[in-house]
Amino acid sequence: MASAAPKPKIWNDPFWRGLIFQGALLVVVLFLLAGAVINARDNMQARGIPTDFAFWDRPASFDINQTLIPYSATSPNSQVFWVGLLNTLLVAGLGIVLSTVIGFAVGAARLSTSWLVAKLAAIYVEGIRNVPLLLQIIFWYNVVLGNLPHPRQAAPFLDIAFLSNRGLFVPAPVFGPGSNAIWIALTIGIVGAILFRLWAAKRQRDTGRQAPVGWVTAALVIGLPLLAYLAAGRPIGVDYPRLKGFNFTGGQRLTPEFVALLLALTLYTAAFIAEIVRSGILAVPKGQSEAAAALGLRATPTRKLVIMPQAMRVIIPPLINQYLNLTKNSTLAVAIGYPDLFNVFSGTVLNNTGAAVQIVFMTMAVYLVVSLITSVVMNAYNARMSLRER
Amino acid sequence: MAGFVRTAPEPTLPPPAASIGVVATLRDRLFSGPLASVFTVLGVVFLAWAIPPLVRFLVIDAVWSAPDGAACRAPGAGACWAYIWRKAGYFTYGSYPIDQRWRVDIVFIVGAILIAWLLIRRAPWRSVAAGLFFIAYPVMTVLLLRGATTLGLAIVPTDMWGGVLVTLIMALSGIVFSLPFGVALALGRRSTLPIVRFFSIGFIEIMRGVPMITVLFMANLMLPLFVPESWAPDRLLRPLIGVALFASAYMAEVVRGGLQAIPKGQFEGAMALGLTYPQRMRLIILPQALAIVIPGIVNSFIALFKDTTLVAIVGIFDFLRAVDTARLDPEWAGPTITATGYVFAALFYFVFCFGMSRYSLAVEKELAKSRNR
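Chains as they are written, first to last, in this note's numbering: chain A, 1 to 390; chain B, 1001 to 1373.
Since the hints were made in silico from the structure, they are not lab data.
Watch out, some of these pointers could steer you wrong.
Derived DSS-like pairs (lysine-lysine); straight-line CA-CA distance at most 25 Å [stated by the list, open to error]: (1) A:K304 x A:K202; (2) B:K1369 x A:K286; (3) B:K1087 x B:K1306; (4) A:K119 x A:K286; (5) B:K1365 x A:K286; (6) B:K1264 x B:K1369; (7) B:K1365 x A:K119; (8) A:K286 x A:K304.
Using the sequences provided together with the hints, build the complete structure.
What follows is the structure, encoded as structure tokens:
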């Protein structure tokens, strides 16, 4: 019976139609790509723009005002890449930590039983979220940090940190001989704390008896390095900034660009994180906290053992997304001259060498790799954490 | 012995005195527990610290009208609103010739009417509005703003455009381009054809994985290299293309969310009716999917609107750049000018973005109502 069906016309057959359509698309895309490559080659040759990577090893011949690794104007352009990448990672890493802390605090404040605090948190979130980040960055840089006094009239914080138009000067730790012992003690403490927590969790599962996890963790992570510090003869000193002549010496100088960028990125991202945290907590059904109350749990264990573990499941994917956004947004450093990867590499090196195509693609590749790795990890995490329903 | 049977209900007692009135409300809302009380007190302290200097700077000490910057330079002067008022034309039109600014005004007014028509969900003939907004309006905008000698309109080169005009052009052309292109990408991502899916996913993920400023840089520096020299796009068009491509990738993900929310039965029902793929999408799937994601579309428009500030970095004269440049005018230069300009710019963006986010919340509520009936 089925064999009697007439063979459809080729343009009515989904298989052939799909094949023809995709073939056409492939031809068009390849044609555009080839055209772009040929045009780019011709145009670049005509304008004398380099098409190779010879610029990579040439001296950079410009200075960078914040470098985490050795760098001078005679260093090659490749070194600029690494300096910029490290500066990006520095501001992104610090921004992620600080914005998480502020974001969780504000998110919790939005759910506070105090009406005033909830409203203040809401004003913060709405006020920050609805104003472009670039405006906030130049606001912090030009208004708040631009009007700072000369070092002689610097604004002191408890006489150990000073804010002036040369930047923020904070005390810096000085690691003397024997400070290795402290790092070793810290590592042992952290490993020990993790092991203790695993043991305590297992014992609670098996016997129901609880262990003072908080105290033991504190003793291991803080107490052990402290003991090592005392035993090694207090090898860590502190170098305080001092006013000397017209500027500060000693301590650690944070450039105004760094402070402005970090502040703006942190406050901006924190507002988004606060919303994520709030909606994550609200996503936990009310029955959960009621059931916890019925079991006799007090408010704190309810939050810690019932609400937050379920809320985190909702919070973490968009939270990671915000971390990625923060990292990508750190490219706005170019507006105020913080030497991040984009600014020094896609900006200065590109202008000096003219190798636009290579440099822009390399910069995009760096951010793309970070994003793709993160999304692969996130997908794996999601697959592990997603609720398995029957 | 006769029993006591109540014939009328006992009059209701008033609620306990401690649970009504101002005091009880205050206690409920502000001092419901020890922790809440501490936070409330901290909040009051913060307000007492922050509000008075803010009000003094923005209102009491502010200079509301002045012929030049002298009054704003006086010691103790607050925000210099006179400067904003004087520069309003520059902030709105950039260097657009003063006698031609009526053309910009027409574009603004027609755009506002069309957008209101599209956004008011009870308005009639909304498909007509969509057609006008996505096809007729862009053509009219280009003709009016750029000018056409055959129509008797003098040509105004794009490097004279600036301010709010350029910001709105960036944001609106971003949405006009990214909505259809984003729908196409979203459909491509869910297509059964592997090559279509590959290109769609590749484009979306690359665009979403890189910072917007690198896309703008690419559009600005490399677009002229990718085309024959005589085709090199206009200075304003280049970032416009970058913004549109970038926004499309985000729009595609929003639309994909809507497509995924459509029950499978809708696809199957449409197939059972014998509709072709374009008919299924146009008549059954997309109307439902797009209606669901209106809040998402508005939210990504808010993000796009804020992100248009980035074009200032590649040398386009948008609103933020206009504000940032005007503060250097020696006639007005003073200690409060920068802060005044930025506060004004922040208010401008806030009013737009906050308004749009309220709209998207209202739509969301309405949608939830109709879905849970």
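How the hints compare with the structure:
At most 25 Å may separate the alpha-carbon atoms for a hinted pair to count; K304 (chain A) and K202 (chain A) meet this at roughly 18 Å. Proposed proximity of K1369 (chain B) and K286 (chain A) is supported: the alpha carbons are some 21 Å apart, at most 25 Å. Between the alpha carbons of K1087 (chain B) and K1306 (chain B) the distance comes to roughly 22 Å, so the proposed pair stays at or under 25 Å and holds. A threshold of 25 Å between alpha carbons decides the hint, and for K119 (chain A) with K286 (chain A) the separation of about 22 Å falls inside it, so the pair holds.
At most 25 Å may separate the alpha-carbon atoms for a hinted pair to count; K1365 (chain B) and K286 (chain A) meet this at roughly 20 Å. For the suggested pair K1264 (chain B) and K1369 (chain B), the alpha carbons sit about 22 Å apart, so the restraint of at most 25 Å is met. For the hint pairing K1365 (chain B) with K119 (chain A), the CA-to-CA distance comes to about 21 Å; that is within 25 Å, so the pair holds. A hinted pair counts as satisfied when its Cα atoms are at most 25 Å apart, and K286 (chain A) with K304 (chain A) qualifies at roughly 15 Å.
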